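Enquirer: Residue numbers (the numbering used here), protein chains in the order written: chain E, 3 to 617; chain U, 13 to 342.
Calculated from the structure, these hints are not laboratory results. Watch out, some of these pointers could steer you wrong.
As the list claims (entries may be wrong) - Each computed DSSO-like pair below joins lysine-lysine, with the alpha-carbon atoms no more than 30 angstroms apart:
(1) E:K319 / E:K297
(2) E:K368 / E:K5
(3) U:K33 / E:K5
(4) E:K205 / E:K223
(5) E:K598 / U:K246
(6) E:K5 / E:K125
(7) E:K223 / E:K125
(8) U:K246 / U:K123
(9) E:K122 / U:K33
(10) E:K198 / E:K5
(11) E:K97 / E:K198
(12) E:K298 / E:K223
(13) E:K368 / U:K33
(14) E:K229 / E:K297
(15) U:K183 / E:K125
Nothing here was measured: the structure is a model prediction, and the numbers come from that model.
So you can see what is in the structure, the chains are spelled out below.
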Amino acid sequence: MSKTVLGISAFYHDSAAAIVRDGEIVAAAQEERFTRRKHDPRFPKNAINYCLEEAFIEPSELDTIVFYDHPLLTWDRVLKSCISIGERSKEQFTKACASVLGIKIWVQDLVRESLGSLGKLDKLLVTEHHMAHAASAFYPSPFESAAILTLDGVGEWATTTVGMGEGREIQLLQEIDYPHSLGLFYSAFTYYCGFKVNSGEYKLMGLAPYGEPTYYDLIRKNLIDVKTDGSYRLNTEYFGYLHSLRMTNERFETLFGGPPRNSESRITLREINLAASVQKVTEEVVVLLVRHARKKTGCDKLVMAGGVALNCVANGKICRENIFDDIWIQPAAGDAGGALGAALLVSHNYFGIPRCVRDDGRDSQKGSYLGPRFQPQEISAFLERNSYPYERVISLENRTRIIAQAIAEGKIVGFFSGRMEFGPRALGARSILGDPRRKETQSVMNLKIKHRESFRPFAPSVLLEDCSEYFELDSESPYMLIVAPVREERRLPTDLRQALRNGVDILNVVNEPRSDLPAVTHVDYSARIQTVNPYDHPDYYRVIRAFKDISGYGVVVNTSFNVRGEPIVCSPSDAYRCFMRTEMDLLVLEDCLVWKRMQPESHHDSTWQTEFELD
Amino acid sequence: MTRQILEYHPVIGYRFIPNLKARIPHEGGGYLIQTNSSGFRCCHEFKTDPTPFMKRVLLFGDSYTAGDGVSNGQRYGDKIEALANAEVYNFGLPGTAPDQHYLAFMEYASKIRADLTIITVLVENIRRIAARYRPYQNEQGNTVLFSKPYFTLINGSLELHGVPVGREPIKEADLPEQSREFVDTGGRFASLRKIMNRVGLKDLTQRALHYQPLPEYDDPQNSYWLLMRAILEKFIAAVPKPVVVMPLPLYQHVEGTADPSGYQSRFSELADSNPCLVHDPLPSLLKYSPTERRSFRFAQDIHPTPAGHVAIAASLAPVVMDLLGMKKVT
Numbered sequence: 003m004s005k006t007v008l009g010i011s012a013f014y015h016d017s018a019a020a021i022v023r024d025g026e027i028v029a030a031a032q033e034e035r036f037t038r039r040k041h042d043p044r045f046p047k048n049a050i051n052y053c054l055e056e057a058f059i060e061p062s063e064l065d066t067i068v069f070y071d072h073p074l075l076t077w078d079r080v081l082k083s084c085i086s087i088g089e090r091s092k093e094q095f096t097k098a099c100a101s102v103l104g105i106k107i108w109v110q111d112l113v114r115e116s117l118g119s120l121g122k123l124d125k126l127l128v129t130e131h132h133m134a135h136a137a138s139a140f141y142p143s144p145f146e147s148a149a150i151l152t153l154d155g156v157g158e159w160a161t162t163t164v165g166m167g168e169g170r171e172i173q174l175l176q177e178i179d180y181p182h183s184l185g186l187f188y189s190a191f192t193y194y195c196g197f198k199v200n201s202g203e204y205k206l207m208g209l210a211p212y213g214e215p216t217y218y219d220l221i222r223k224n225l226i227d228v229k230t231d232g233s234y235r236l237n238t239e240y241f242g243y244l245h246s247l248r249m250t251n252e253r254f255e256t257l258f259g260g261p262p263r264n265s266e267s268r269i270t271l272r273e274i275n276l277a278a279s280v281q282k283v284t285e286e287v288v289v290l291l292v293r294h295a296r297k298k299t300g301c302d303k304l305v306m307a308g309g310v311a312l313n314c315v316a317n318g319k320i321c322r323e324n325i326f327d328d329i330w331i332q333p334a335a336g337d338a339g340g341a342l343g344a345a346l347l348v349s350h351n352y353f354g355i356p357r358c359v360r361d362d363g364r365d366s367q368k369g370s371y372l373g374p375r376f377q378p379q380e381i382s383a384f385l386e387r388n389s390y391p392y393e394r395v396i397s398l399e400n401r402t403r404i405i406a407q408a409i410a411e412g413k414i415v416g417f418f419s420g421r422m423e424f425g426p427r428a429l430g431a432r433s434i435l436g437d438p439r440r441k442e443t444q445s446v447m448n449l450k451i452k453h454r455e456s457f458r459p460f461a462p463s464v465l466l467e468d469c470s471e472y473f474e475l476d477s478e479s480p481y482m483l484i485v486a487p488v489r490e491e492r493r494l495p496t497d498l499r500q501a502l503r504n505g506v507d508i509l510n511v512v513n514e515p516r517s518d519l520p521a522v523t524h525v526d527y528s529a530r531i532q533t534v535n536p537y538d539h540p541d542y543y544r545v546i547r548a549f550k551d552i553s554g555y556g557v558v559v560n561t562s563f564n565v566r567g568e569p570i571v572c573s574p575s576d577a578y579r580c581f582m583r584t585e586m587d588l589l590v591l592e593d594c595l596v597w598k599r600m601q602p603e604s605h606h607d608s609t610w611q612t613e614f615e616l617d
Numbered sequence: 013m014t015r016q017i018l019e020y021h022p023v024i025g026y027r028f029i030p031n032l033k034a035r036i037p038h039e040g041g042g043y044l045i046q047t048n049s050s051g052f053r054c055c056h057e058f059k060t061d062p063t064p065f066m067k068r069v070l071l072f073g074d075s076y077t078a079g080d081g082v083s084n085g086q087r088y089g090d091k092i093e094a095l096a097n098a099e100v101y102n103f104g105l106p107g108t109a110p111d112q113h114y115l116a117f118m119e120y121a122s123k124i125r126a127d128l129t130i131i132t133v134l135v136e137n138i139r140r141i142a143a144r145y146r147p148y149q150n151e152q153g154n155t156v157l158f159s160k161p162y163f164t165l166i167n168g169s170l171e172l173h174g175v176p177v178g179r180e181p182i183k184e185a186d187l188p189e190q191s192r193e194f195v196d197t198g199g200r201f202a203s204l205r206k207i208m209n210r211v212g213l214k215d216l217t218q219r220a221l222h223y224q225p226l227p228e229y230d231d232p233q234n235s236y237w238l239l240m241r242a243i244l245e246k247f248i249a250a251v252p253k254p255v256v257v258m259p260l261p262l263y264q265h266v267e268g269t270a271d272p273s274g275y276q277s278r279f280s281e282l283a284d285s286n287p288c289l290v291h292d293p294l295p296s297l298l299k300y301s302p303t304e305r306r307s308f309r310f311a312q313d314i315h316p317t318p319a320g321h322v323a324i325a326a327s328l329a330p331v332v333m334d335l336l337g338m339k340k341v342t
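Next up, chain U with everything else stripped away, as it sits in the complex (with noise of 0.2 angstroms):
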């Protein structure tokens, strides 16, 4: 038995079940997950008003910033909270990407007072913006579809579609051919992926084959990095300021088989031309030995390890107290 965790909502696609207190099995032993009223997997309770003499966190992200794996005390963000005694408002989403951050930001943020705001972007997602429809496998064990909400961008303008999101599941057989391309399969090459996976050669494979797992960030014209370029710009003019925009890197780059250049300059580009600051974590995790990069996932989940979470934590400080105004601690 496993606690299903994530409930239907019209506009982002699917929150945490409110006020839910599980422990998910896992290769790792198990983790404890706690989730708020709002149907985030945060241990506060979102308030508008600030807190007295306490500075506020709003921090966006997925399933590394849900804490897929780890229970809720040993997340970057729980982390970043204790070193800088801070409060932070987890509204980290497993499966989602920024323009579901996005979205989450105007149903449950847009009102609510805080001094920085910290928007984490696993780079792989610049391929779940596109998506608009995610696999789920349903009673029966047969893979069904869900909608997701979606933008386009258009002459420049991004334009939002598929909300109130469908509820209804979609058969994987009842989607038309030119939708298919618009399900979310995760990395490249999704098939060879699965048998690799399954035969225990993904990783050996990826390093004999040079495997890039990103190319769309080559290309500053690339229609996906100009789609995921507008959704940030977006996402930034919105939150409270001071913002972090915080690439986190694949475990191919953190283990040094992949090249980051590509998403590192896109990234940049976009910090030149927009109010905010991009924090890199790579160059400070790549300072680790590769048994403790190594470590910093699962054996067969990619998702940060407890010690992958304090390395990500011990990079993100620093910006996060200098921003806050705070003494650092050493």
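Bound conformation, chain E alone (with noise of 0.2 angstroms):
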């Protein structure tokens, strides 16, 4: 008998839905790119409208509808948090209850009230929060047993847990439990240098390559004491969240000397150097519970999931210590992958679907491609509706030529194309792709398109065939987790770190070229590499193999399609309001072309300013 779960996260960060039929995923996509709202934690409405419409079926059809999360635990973390820590507690406590009371444990209402049904089991089901993450780290995974690690802020209890999969089950072993938690002690960093908790820790990981880690002492000395099997426990007296809304105390404060950063700020080098410090520390932690999982469980092969497993700075780590074989990082590591695993988990283990490890070593994830794919038939009437200038260039041949030859001449190109990405990183489906052998590619992305001036380098896209002709990794990384080194013989010598000890802003120094890829290398020479394979996203990796056909080189820059603020685009319509709120040359809507020159003066919009909150 065919079983098809609907798995939902919701109501902490970045709610999401997906569906799963017969142990094979079918749709998975998160709420915020259909409420154009950043992160959008409420109940995930339009996200499952899209699974339903993939899968095709009405609510009374699904089996059975399953919360990736345990409300009932997650109210005892809270009660016995709040009680343990007193009246200092009041505030914390007051939003716990509006979190917790107010809207998790009536989630079984709100989504008969939403759907109209819960399935044919007639309730809803619920997993813990990690085991939710540890089914969507290994249930997608190409092995057929592995060790499982998860790392996050916190789930119900638990924030860090060391577990085993084999065939469809799946053991928690060990956890660490709140409020020591891996995730919360690097939120409080990214909170102390001035970027936005749940979504500025890719900054902060961004900068740490530009300092030195002059904190990393003091760090392991007061707020963290680390096992030599990675068990850690934080020194709460310096921690915020327990007792307030804010992530650090002044006790913190007194020991890196002073507040924290404001936010619209320059940047200074404390910060940079807290970045670097911070980073050391997560990786050295993260590195000894690999080590420990491998050898607690036995296993040759890893599987990661939890917001800390986006680290992908720790991940290349990871990979070059050679401690697995073999590693698997779910791209959704976040918590909307958890209503991808709540919905694995259940089909394996609920209804006992038998899980199939693949033939030819690949994943299931599909390439992480199960949002809303749009026909050319649609785009078309889109553009045709709304009297927006474009050519359809039906030969894909012809296409990606044009494509490849506008990214060659420098241009700026918006490519959506195919079902877009589940997790937070665009992957060739809802992506602005740029020429990375400019100078100026990085600038103009950053200033012209994003609208920010960063000190992040892009990501690139490389042929999988061509990987080690610029990068020193030896493993596919299709879904950006896995940072690399850009090889020795492409490095330009810099002085960067010294300009920065002189005083030197960040912003002034982060544009001057460190290789022949300039703008895809960091400061450390590093890069944050998306591998991509003929199988997964084949249009995609038809433009970069016909840029390189022009250009000699294999590789082109990728960032996410939108502006600073806004979630990812997903449909026609998000795409063409991005495209003309930016100066992106070029818009391929599958196999529409909308040229910027094209359009009507009258269609160019400046509201993304007031649309977005800033991140």
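Quick one: dock chain against chain with the hints and give me the complex.
Expert: In structure tokens, the structure reads:
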């Protein structure tokens, strides 16, 4: 009997839905893409609508619906934590009450009200948060058995788990509980350095290579006690999140020499070195945990999920340490992936659907292209309905050549092709592409497209077969989750760190070329790599291939298709709006090419600054 | 994100985007739509030759027939298909009227061999046939107008205008004053209706004022009716026989707040002088309790709910089965 399961994650950040049929992932999407509100935590009614559309079933035909988090266990944690802290936790308690008692425990009613049905089982199932993460990492992986490591801010109680998956069984063997959390530890520094918690962690990671880990000893001595097996305890006296809505407290500020950085103020050497220090500590803990997972499980493969697994610098380090023979990381490693994990867990564990590992060694995540697709006819109908000038190039060969030529001429191309990505990274379905050889690509993309000044370089999408020509990486990185060095012979000598020590603004040095791929090479000669194979997204592969034919380089710059503060575009309408808000030259909407020079002046739009909350 | 589901058509004005599968968010929870390669919300591909051992019905209508608010399988056309074991070719198109239905027949169905044709006329569409423009909200959130094909009746003969239909949207402000009366604004008193809808008092006000939505049917010589009658006569003459014309009542008629006698008389006259059978589903709908009748439309959206479609199908099925020579299912 066929079994179709809908998984839902919501009410923390980045809510999502996923549908799994007989163990196969049919669809998954984040709510933010539909509501256009970044990290939207609300009930994912639009994402659910999409998943039902893709599976083409009525809610009543679902075998069951599962929520990724156990509301009563979360409540248990909130209550016990607040009691242990006493009156000081009033602020935190009030907020947690609103979240847990206000919404989470009524989730079954909410689902029934929204969908009109709870499926054939007529009740909502719940999983535990880290079990959902573990399932999202293990089941789609290409491994028959594997060690599992999950790391995030907090679930119900757990913040870190080590487990093992075999066949369709998952066991969590050990866990570290709240308030000791590597995710919250990293987020505390994110907050302190003036970035937004739950989204700015990525910036902190990008800032780290500019600095020296001068605060490493201070952090290790005062904030975190790490054992040889990777288990750790935080010194909660320094953190504000237990009893307030701030991540750090006065003691933390005293330790690091002053109040948190204001988000709009200049980044100083303090933040740069703090970023480097916390990154070093995090990598150290993660590597120890990974070693422990190997020892504990005896497995030679590792899978990972949870928000900390998005730290691609740490991931790169794990790869280079060769602790495991192979590693697979869930691309939607954050809470969004919990929806997928929960649905997979129920499919295999509750309904007993056998898990089929692919014979060809590939994973079952389908390139993470699990979101909506728009047919060419839908796109042309949209363009015509709005009288937007375009040309339709049905020949794939011709179209690919035009796109590649535009990139090679230094044009910036919005590339909208196939099913939208699930997870935070644009992987060539909703991407902005540019020429990595050009020195000016980075600043043009930052200032004219993203509307920001950034110290982070863009990511390269490289043909899988050419990866080792450019980067010191000998494995696949299809989900842009691994950072690896640019090959030594491609590097250019720089002394940017010295310049920073001399007080030069970080933004003045960021655009200095550091290799023959200046737009994608970070200050430490690293790059956040996406390897592109011919199978997952053939059209994207062809574009890079055609670019190589013209330029000799099998690499393009790939950044997410959005402006600052905006979720990645989902529909042709989102894409056109973003295109007109930026200085992109060409918008590719499947087989329709929309050139900026052909668009009426009246459609130019600068309202993005008021529409999206800047991150 | 709501998918765009309609695309330009040079003769009809628009049609569904072909081969589409979508789920449309809706107050009823959302509904699944599937279109065929001809751009109609029909699960069958249109074939000209008969399907062996299967009766075929051509079904025309607007959003009530296309099934706004419900999934394909929940529509009265699909229910009839199941009850009568026939294939129903659904040509329903939201926002259209018999003028465009006739054009859809000429474009897509004139060569199709069928055993029965059902022409469903939402009675309110007596106004829509006179419209020449339909409003639409564009990407910038502004209301723009799109042209539609339309007929005029001059000295007793119908003349088609506006084909090919213009592709370009027209700004409301650019429309000449004398053309503004030809914008399809739905029912009567559009502005007042909007306000009453916003404050949630529409139903109450209509009841209190004994609102009669369709005075156009009161007089057999009314120009709107004469146009409707001429279009239907042309349509009836063109389609495969036998023909059922089904005037679909508004919810005010179903819920007993408006007088249906005007439209009932006009359609009865149409049946008297044309080779068609008029099936009025209102008498059978009125047999349900007031609570049940209210459940035939959504809380906000006036389109039929799944229960509404079942009720329409229950009324229509015996007629269809009689005409197809099939045994009635009790």
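Enquirer: Hint by hint, note whether the structure agrees.
Expert: Here's how the hints hold up against the structure:
1. At roughly 18 angstroms between alpha-carbon atoms, K319 (chain E) and K297 (chain E) fall within 30 angstroms of each other, so this suggested pair holds.
2. At roughly 20 angstroms between alpha-carbon atoms, K368 (chain E) and K5 (chain E) fall within 30 angstroms of each other, so this suggested pair holds.
3. The suggested pairing of K33 (chain U) with K5 (chain E) holds, with an alpha-carbon distance near 21 angstroms, which does not exceed 30 angstroms.
4. Distance restraint check for K205 (chain E) and K223 (chain E): the Cα-Cα separation of roughly 25 angstroms lies within the 30 angstroms cut-off, and the hinted pair is therefore satisfied.
5. Restraint check: the Cα-Cα separation between K598 (chain E) and K246 (chain U) comes to about 48 angstroms, which exceeds 30 angstroms; the hinted pair is violated.
6. Simply put, K5 (chain E) and K125 (chain E) have alpha-carbon atoms about 15 angstroms apart, close enough for the 30 angstroms limit, and the pair holds.
7. Note on K223 (chain E) and K125 (chain E): the hinted pairing is violated, with a Cα-Cα distance of about 49 angstroms set against a maximum of 30 angstroms.
8. Taking the CA atoms of K246 (chain U) and K123 (chain U), the gap is near 17 angstroms; set against the 30 angstroms cutoff, the hint holds.
9. The hinted pair formed by K122 (chain E) and K33 (chain U) meets the criterion: a straight-line CA distance of about 23 angstroms does not exceed 30 angstroms.
10. For the proposed pair K198 (chain E) and K5 (chain E), the alpha carbon gap of about 40 angstroms is over 30 angstroms, so the pair is violated.
11. Proximity of K97 (chain E) to K198 (chain E) is assessed by CA-CA distance (about 18 angstroms); at most 30 angstroms being required, the pair is judged to hold.
12. For the proposed pair K298 (chain E) and K223 (chain E), the alpha carbon gap of about 27 angstroms is at most 30 angstroms, so the pair holds.
13. Our distance criterion of 30 angstroms between C-alpha atoms is met by K368 (chain E) and K33 (chain U), whose separation comes to about 21 angstroms.
14. Distance restraint check for K229 (chain E) and K297 (chain E): the Cα-Cα separation of roughly 15 angstroms lies within the 30 angstroms cut-off, and the hinted pair is therefore satisfied.
15. In summary, the hint linking K183 (chain U) to K125 (chain E) is not supported, as the alpha carbons are separated by about 51 angstroms, beyond the 30 angstroms threshold.
Figure legend: structure checked against the earlier numbered hints; hints not met, in rising order: 5, 7, 10 and 15.
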